[in-house]
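Number of protein chains: 4
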Amino acid sequence: MLAEIKGLNEECGIFAIWGHKEAAQLTYYGLHSLQHRGQEGAGIVVKQNGRLIGKKGEGLVTEVFTTETFEGLNGDAALGHVRYATAGGGGIENVQPLLFRSQNGSLALAHNGNLVNAHTLKHQLEMQGSIFQTTSDTEVLAHLMKRSGYRTIKEQMKSALTMLKGAYAFVVMTEDELLVALDPNGLRPLSLGQIGDAYCVASETCAFDIVGAEYIRDIRPGELVSISDHGIESEHYSYATYPAICTMEYVYFSRPDSNIHGINVHAARKNMGRRLAIQAGIEADVVTGVPDSSISAAIGYAEQSGIPYEMGLIKNRYVGRTFIQPSQSLREQGVKMKLSPVRAIVEDKRVIMVDDSIVRGTTSKRIVSMLRDAGATEVHVCISSPPMKHPCFYGIDTSTHEELIAANHSVEEIRQIIGADSLTFLTVENMLEAIGRPAINETCGQCLACFTGNYPTEIYPDTVLPHEKELIKK
Amino acid sequence: MLAEIKGLNEECGIFAIWGHKEAAQLTYYGLHSLQHRGQEGAGIVVKQNGRLIGKKGEGLVTEVFTTETFEGLNGDAALGHVRYATAGGGGIENVQPLLFRSQNGSLALAHNGNLVNAHTLKHQLEMQGSIFQTTSDTEVLAHLMKRSGYRTIKEQMKSALTMLKGAYAFVVMTEDELLVALDPNGLRPLSLGQIGDAYCVASETCAFDIVGAEYIRDIRPGELVSISDHGIESEHYSYATYPAICTMEYVYFSRPDSNIHGINVHAARKNMGRRLAIQAGIEADVVTGVPDSSISAAIGYAEQSGIPYEMGLIKNRYVGRTFIQPSQSLREQGVKMKLSPVRAIVEDKRVIMVDDSIVRGTTSKRIVSMLRDAGATEVHVCISSPPMKHPCFYGIDTSTHEELIAANHSVEEIRQIIGADSLTFLTVENMLEAIGRPAINETCGQCLACFTGNYPTEIYPDTVLPHEKELIKK
Amino acid sequence: MLAEIKGLNEECGIFAIWGHKEAAQLTYYGLHSLQHRGQEGAGIVVKQNGRLIGKKGEGLVTEVFTTETFEGLNGDAALGHVRYATAGGGGIENVQPLLFRSQNGSLALAHNGNLVNAHTLKHQLEMQGSIFQTTSDTEVLAHLMKRSGYRTIKEQMKSALTMLKGAYAFVVMTEDELLVALDPNGLRPLSLGQIGDAYCVASETCAFDIVGAEYIRDIRPGELVSISDHGIESEHYSYATYPAICTMEYVYFSRPDSNIHGINVHAARKNMGRRLAIQAGIEADVVTGVPDSSISAAIGYAEQSGIPYEMGLIKNRYVGRTFIQPSQSLREQGVKMKLSPVRAIVEDKRVIMVDDSIVRGTTSKRIVSMLRDAGATEVHVCISSPPMKHPCFYGIDTSTHEELIAANHSVEEIRQIIGADSLTFLTVENMLEAIGRPAINETCGQCLACFTGNYPTEIYPDTVLPHEKELIKK
Amino acid sequence: MLAEIKGLNEECGIFAIWGHKEAAQLTYYGLHSLQHRGQEGAGIVVKQNGRLIGKKGEGLVTEVFTTETFEGLNGDAALGHVRYATAGGGGIENVQPLLFRSQNGSLALAHNGNLVNAHTLKHQLEMQGSIFQTTSDTEVLAHLMKRSGYRTIKEQMKSALTMLKGAYAFVVMTEDELLVALDPNGLRPLSLGQIGDAYCVASETCAFDIVGAEYIRDIRPGELVSISDHGIESEHYSYATYPAICTMEYVYFSRPDSNIHGINVHAARKNMGRRLAIQAGIEADVVTGVPDSSISAAIGYAEQSGIPYEMGLIKNRYVGRTFIQPSQSLREQGVKMKLSPVRAIVEDKRVIMVDDSIVRGTTSKRIVSMLRDAGATEVHVCISSPPMKHPCFYGIDTSTHEELIAANHSVEEIRQIIGADSLTFLTVENMLEAIGRPAINETCGQCLACFTGNYPTEIYPDTVLPHEKELIKK
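Going down the list, the protein sequences come from chains A, B, C and D. Our numbering puts the first residue of the first sequence at 64, with every later residue one more than the last. Our numbering puts the first residue of the second sequence at 64, with every later residue one more than the last. Our numbering puts the first residue of the third sequence at 64, with every later residue one more than the last. Our numbering puts the first residue of the fourth sequence at 64, with every later residue one more than the last.
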């Protein structure tokens with residue numbers, strides 16, 4: 064499904080590299096391949112002649128950076144970030160990396176994830192005299208580091224990280240090193256790669272393929288990796304780790320050509336589709352996926368069921384920030400923007416429509432209706448994940464929704480609301496087996512909080528909006 | 064395959080509408096859905112308060128038109144065009160619609176196709192005192208009309224059209240009517256639709272789906288349709304018609320959700336893939352398609368063969384005009400731009416790579432090499448069309464190529480050049496059967512000139528570049 | 064006064080150069096110094112490797128051309144143009160130079176002035192089959208040339224020029240030469256200069272100073288100059304010349320640092336101010352000029368009268384196309400845009416306000432009112448030209464005005480309308496003596512048509528708008 | 064002289080308003096009139112529905128703000144800033160107003176001036192755990208306020224201001240009030256005005272004229288003014304005031320239509336010119352000023368001496384950020400960018416060239432040379448201020464210069480270096496009498512530090528660059 068349509072968004076992608084003479088350019092290409100993780104802003108900080116220099120802006124990577132950018136932005140190390148801005152949190156000052164200047168040097172900071180105790184920590188920091196220039200969580204780490212009392216940046220960082228709760232992949236760059244840290248649950252993906260003698264890190268491995276880097280391994284929960292001219296060093300700032308990889312990265316967020324902890328996303332999705340086919344067991348004429356993220360699952364479904372896969376829905380490319388929205392009257396006349404059904408394929412057919420998830424249900428309802436208008440005789444909706452019943456506090460933007468449809472309605476009710484002939488959700492067990500990784504109650508597990516309500520960290524009261532309180536499992 | 068990579072480009076898309084109070088906006092959405100037919104320039108001419116007003120620019124539809132455009136650009140009829148500029152033929156003056164002003168009124172003109180006697184006609188017109196402000200063929204029609212001696216625009220047009228040879232879908236707009244004409248071979252697609260009381264025409268039916276229009280029928284070879292406030296009228300300016308629909312529209316150009324003369328493009332491509340699988344009969348582990356245009360054929364191949372379809376190649380979205388090209392050194396390090404292989408899928412696998420065509424062979428060679436670098440043990444290339452041995456003079460930009468690889472090499476030689484383990488081309492017969500339409504020697508046929516050298520029109524000597532002479536079948 | 068405020072605008076500036084390896088860049092700087100002659104569009108055509116290549120756009124020279132422009136736009140000859148677009152005549156196609164392509168070569172064309180028989184000629188040409196793509200007069204010359212039957216461009220041009228009536232400075236560029244022509248009255252300025260071995264022409268000599276060129280001489284009425292690799296050649300296409308230089312060039316249009324036919328514009332304006340002071344003989348405390356064009360006259364007035372010159376009015380710089388206009392309510396609250404009075408200077412003072420001309424009177428009224436609001440006890444308006452009673456048909460945009468105030472009102476009535484304590488216009492005699500050049504009834508004279516109604520050419524009935532008919536002196 | 068040429072730049076302009084329903088728009092026009100004080104960046108923070116919302120960017124006011132900005136940016140109070148970025152201090156994060164978010168509310172901060180103990184204070188704050196996101200002095204105030212321990216913003220500000228040394232005009236905006244403070248020396252100008260019921264403050268009074276506000280009075284040294292819905296309140300955070308108004312504001316920075324502490328800038332400059340004429344007593348043919356800032360002085364010189372004032376030098380308008388710099392070879396050929404001499408005026412003349420100051424001498428040298436090349440027989444340089452021998456630490460950007468020519472050379476040596484026939488500097492006494500205000504050793508005086516080395520505040524060692532140490536008077 065389309066992020067813009069569904070309103071299910073994660074907050075960032077990170078790429079960093081140390082020790083390559085075209086560091087800034089490689090970061091550009093790396094960020095470009097992570098563009099799907101955030102389209103609202105992009106920034107790159109470069110270490111050039113021993114100084115950190117930054118350039119950032121609102122919009123796509125290709126809008127923020129031009130040929131002229133790189134005339135002035137060379138250097139041998141770089142840290143880049145793409146950002147999805149949650150409602151109300153826009154503005155150029157929130158675009159990362161954040162860059163802090165002190166008399167002892169500079170510090171650039173990029174973050175992917177969401178802290179659950181940010182509000183509490185900010186309150187404490189402000190009581191102690193800290194002032195904040197952004198509304199993002201990210202700035203908290205810099206303040207905690209500065210106040211830690213330690214002398215080296217690495218010690219400051221180790222001290223500060225122990226105070227954070229929630230999901231975070233942090234990359235810090237100074238004039239001397241790159242410091243890379245992952246939260247003790249490893250909720251967000253972050254991988255380590257190598258290009259010649261240079262090391263790089265990226266939120267997804269697809270960035271390595273684009274820049275010609277070799278994948279080494281994933282950053283481990285609770286690990287702090289330091290990359291400098293002296294090479295690479297790893298230590299753990301915390302051993303109280305409890306791996307809980309975000310399952311939605313497999314289901315929806317990541318690019319199909321990325322691997323997360325050794326498992327290819329496309330392959331996992333295809334397996335989900337296969338198991339969904341077995342679960343559903345529906346008779347139909349065609350299988351179609353909602354582009355782009357549900358194509359893999361739909362193909363798996365088709366292969367398993369023997370029902371042919373067809374392009375029953377097509378996505379309009381070239382829809383960017385500058386696209387003019389149709390007026391209400393044009394919408395009512397049926398002007399489509401991002402997704403259109405293919406009449407020749409669905410007309411007089413029983414259609415299985417595979418999608419990755421249902422958040423509010425409005426999009427599913429619209430697509431079912433489009434397919435029927437295009438002549439489908441039956442529309443069976445098959446979702447390659449379980450019902451989302453609980454809000455996410457780890458960086459997935461479901462907090463702006465007034466309601467998760469599955470938190471308030473049974474599957475049968477949802478089916479009626481979206482107008483489908485049948486509705487099947489993949490079970491948690493099938494989803495985990497499709498990924499091939501056991502659940503959270505073992506040492507290397509998946510976070511299933513949005514499906515089960517079992518949150519891998521404690522949840523701070525101030526993080527939770529009133530209407531969400533009841534959604535949190537006791 | 065990607066137009067930008069392959070250098071196989073058609074020259075335009077047209078959308079026009081008469082009698083709708085949001086004509087300009089609908090044309091915007093229509094053009095947007097035809098963006099794949101031309102990304103170098105876009106223009107819209109609107110009839111507003113009885114006057115024709117134009118706006119055009121270089122770039123994508125979303126770059127040329129902004130919200131502000133439509134504050135000033137309303138009206139009840141509009142004609143729009145997207146253009147692919149051939150080498151050397153760029154510049155704002157070539158962006159269409161062309162707009163001619165005379166003391167009796169204005170005339171806007173949009174064209175899709177290529178005239179084979181443009182050079183000869185231009186020469187004659189210049190001898191008679193005409194001057195040209197563009198380097199495109201399109202301007203010729205306006206001059207011929209003006210010089211025809213007839214009083215009405217329709218008579219002028221009928222007279223002028225009889226002098227043209229080649230491929231053309233022309234739409235002319237005056238303050239009084241929309242005139243729509245297709246060449247006697249019907250080489251380029253052009254369809255008629257309806258939104259409420261308003262009529263519209265479009266190069267592809269996908270535009271109708273986007274704007275909520277209903278498809279009526281395709282414009283017929285040799286037909287001249289007039290649309291005005293008095294309704295719609297059809298006549299034939301020529302009955303010497305000889306239908307020869309461009310086969311490459313099915314193979315490569317059109318959007319999969321479009322129908323051309325009643326046949327869905329996705330369905331035709333999937334059939335091509337099925338027949339290709341039967342032809343090839345190769346043992347392998349995965350089937351992958353080159354995105355975007357070869358996906359349908361690859362799925363058909365997979366279904367027929369039982370070999371699973373996988374996303375072995377992934378396309379980088381967001382690559383537009385403002386994308387910064389990697390330097391030579393970065394390219395050599397393996398920085399990829401538009402297409403990257405998915406190691407997790409192809410590693411240690413025998414891969415069938417389905418593509419729609421081979422023009423020069425350089426792209427196929429690069430993809431085969433990428434797949435091998437990503438660990439494929441075998442790479443079998445299956446092409447869902449026959450070898451392209453002859454240049455096209457009807458609007459497909461192969462004339463800039465110094466050579467068509469298939470014109471100079473056997474299939475075995477091509478296989479060696481691109482480094483594949485095997486190479487299979489779909490036969491002409493299988494391609495036609497997949498489309499479901501008989502060949503050119505019957506009354507409703509397909510143009511196969513680029514495969515067979517049987518050109519459906521005479522070819523003027525001055526149209527043909529020296530190196531192409533030998534490629535034309537005697 | 065400010066062109067934008069007054070609505071008194073001329074239509075162009077031209078710069079061209081032949082035989083300099085940085086031709087395009089020099090044309091950029093030359094056009095830049097002529098920017099005051101037209102701010103709506105700019106274009107440069109360059110001869111590069113024997114081909115003509117053009118780039119044009121709407122806006123200021125610095126907006127249309129960027130560093131990237133000149134990466135692709137070199138060559139050894141260039142022709143540039145800045146344009147002021149009259150109402151309704153905007154659009155990219157009217158931006159010059161116009162570029163015509165024929166099978167024998169290309170032809171670029173730039174024009175400053177206005178033809179009085181353009182309408183008639185266009186009608187005749189259309190009858191013969193010509194089609195027009197612009198609404199400007201300029202295209203007419205190209206059609207006449209093409210239809211002349213002559214073989215060489217120079218002969219074509221000589222033939223065509225004899226058919227034109229009105230004001231024109233034409234520069235034509237082909238792959239082989241630059242052809243420069245001035246109308247038989249020499250209404251518009253055009254000068255010849257030299258940089259090393261290269262020759263250049265410009266609408267004003269200030270362009271020569273900017274690019275480091277040496278002034279040679281002015282182009283003569285009826286002259287056709289050819290500049291090529293073989294050097295420079297002059298001939299006359301007409302000897303029926305009757306010099307009538309536009310007086311408003313001295314009064315208002317040209318930059319003060321330009322010389323026209325050997326007379327410096329600043330010096331002429333200062334003399335006008337001196338003679339105006341003698342004429343007016345008013346007692347006052349301060350003299351102030353309306354920036355920018357009236358400063359010279361105000362200084363002359365101050366010197367002659369002994370009344371100190373002060374900056375009683377100041378112009379807001381940085382007001383360009385992107386300036387946001389204040390809302391009506393803000394205007395009423397006194398928000399000023401382009402001009403503001405200096406209270407400290409005019410408060411409790413008797414002020415002589417020198418301006419160059421009064422067209423509609425609305426601006427004068429506003430300035431008088433501003434000065435009074437700022438505390439001036441008396442405001443005496445002194446105009447350094449005679450009342451404008453007759454429309455101009457030679458390129459000055461007074462045709463959009465519904466009325467010239469001086470055509471319908473006596474001086475005393477105008478004084479009352481604008482609210483001045485006194486109003487003095489320079490007499491025709493004093494103006495001519497200030498310039499130092501005798502009037503139109505001698506061989507080297509000034510055009511005074513807008514003041515006296517004596518038009519130096521015949522006026523074609525179809526050129527004249529109905530409301531202007533009565534303004535033309537019989 | 065031109066700021067860009069001379070490298071003598073001040074760092075800002077401020078405009079703020081409270082209680083007007085078009086606050087944002089008025090701030091736009093106010094900033095626009097202060098554009099000469101800073102062209103590198105602009106920002107506006109608006110109080111809208113009780114929240115502070117900001118928009119800022121690099122470039123001119125008209126580049127940063129568009130019509131669309133104000134569709135979303137309304138509200139009833141606003142604070143705006145234009146910035147000149149010193150070398151190395153660019154970047155979007157330094158553009159003001161800075162906006163700080165805390166859990167108790169937001170705080171926007173704009174600053175004009177320069178703190179001499181910023182380095183020391185930053186060091187102390189960092190020791191206490193503060194982190195800085197900008198390289199500007201301005202952020203220091205926010206940190207001091209936060210750490211002051213006081214509860215109300217006003218008390219925090221009063222406490223913090225007492226720790227600052229140097230030149231500052233600060234405006235702070237919260238959701239509840241506007242707080243306006245001036246340093247105890249009153250080095251930078253800041254005035255209070257009124258529009259209907261709304262109060263506004265501006266760095267120069269010209270902003271009041273533009274927005275239709277009435278001038279009330281100047282903010283006093285050591286004063287803290289609070290403006291809120293409850294009206295206006297004044298108090299002094301310091302009574303240890305020692306007025307020392309920056310003299311260069313009169314000489315060069317401010318717009319001629321501004322008044323500073325009751326004295327009009329144009330009038331003061333004209334008086335400087337008059338006294339300079341008496342001092343110099345040179346025989347010559349013409350007086351010319353270097354535009355824009357020296358025109359007033361040149362006119363005063365001409366009036367006093369009886370030598371006519373002429374426009375011997377003309378400035379090229381439209382030279383903005385997008386202007387393409389000429390290549391070295393074009394420069395050597397004499398391509399001019401910003402200033403050109405008028406040959407017709409200076410040829411064969413003895414020229415008095417009036418300029419406001421000499422910093423490095425390179426510009427004066429270039430202008431003298433241009434005038435000689437244009438035919439001047441003698442060039443006498445008259446400077447309307449004394450030699451600048453000492454660096455400024457209060458916001459004038461002379462710190463990037465390796466040397467002030469007058470610190471190292473006698474007047475006669477400077478004359479030889481710049482190639483003038485004579486060189487006259489206005490004496491300190493004449494300059495002060497021209498302004499009409501006694502010097503610094505009295506209670507209401509002028510800062511003369513750059514001329515005399517008498518700094519009105521203590522100078523912190525860490526502020527002074529090594530090469531400047533010897534320039535500070537012991």
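For the record, the hints were derived by calculation from the structure and aren't laboratory data. It is possible that some hints are incorrect.
Note that the list lumps identical chains together, so a pair holds whenever it fits in one copy or between two copies.
As a list, the in silico EDC-like pairs of lysine to aspartate or glutamate whose alpha-carbon atoms are at most 20 Å apart [stated by the list, open to error]:
no. : residue 1 : residue 2
1   : LYS401    : GLU298
2   : LYS118    : GLU366
3   : LYS428    : GLU441
4   : LYS401    : GLU189
5   : LYS399    : GLU476
6   : LYS428    : GLU103
7   : LYS221    : ASP348
8   : LYS118    : GLU103
**Study point:** Contradicted hints - numbers only
**Key:** 1, 2, 4, 5, 6 and 7
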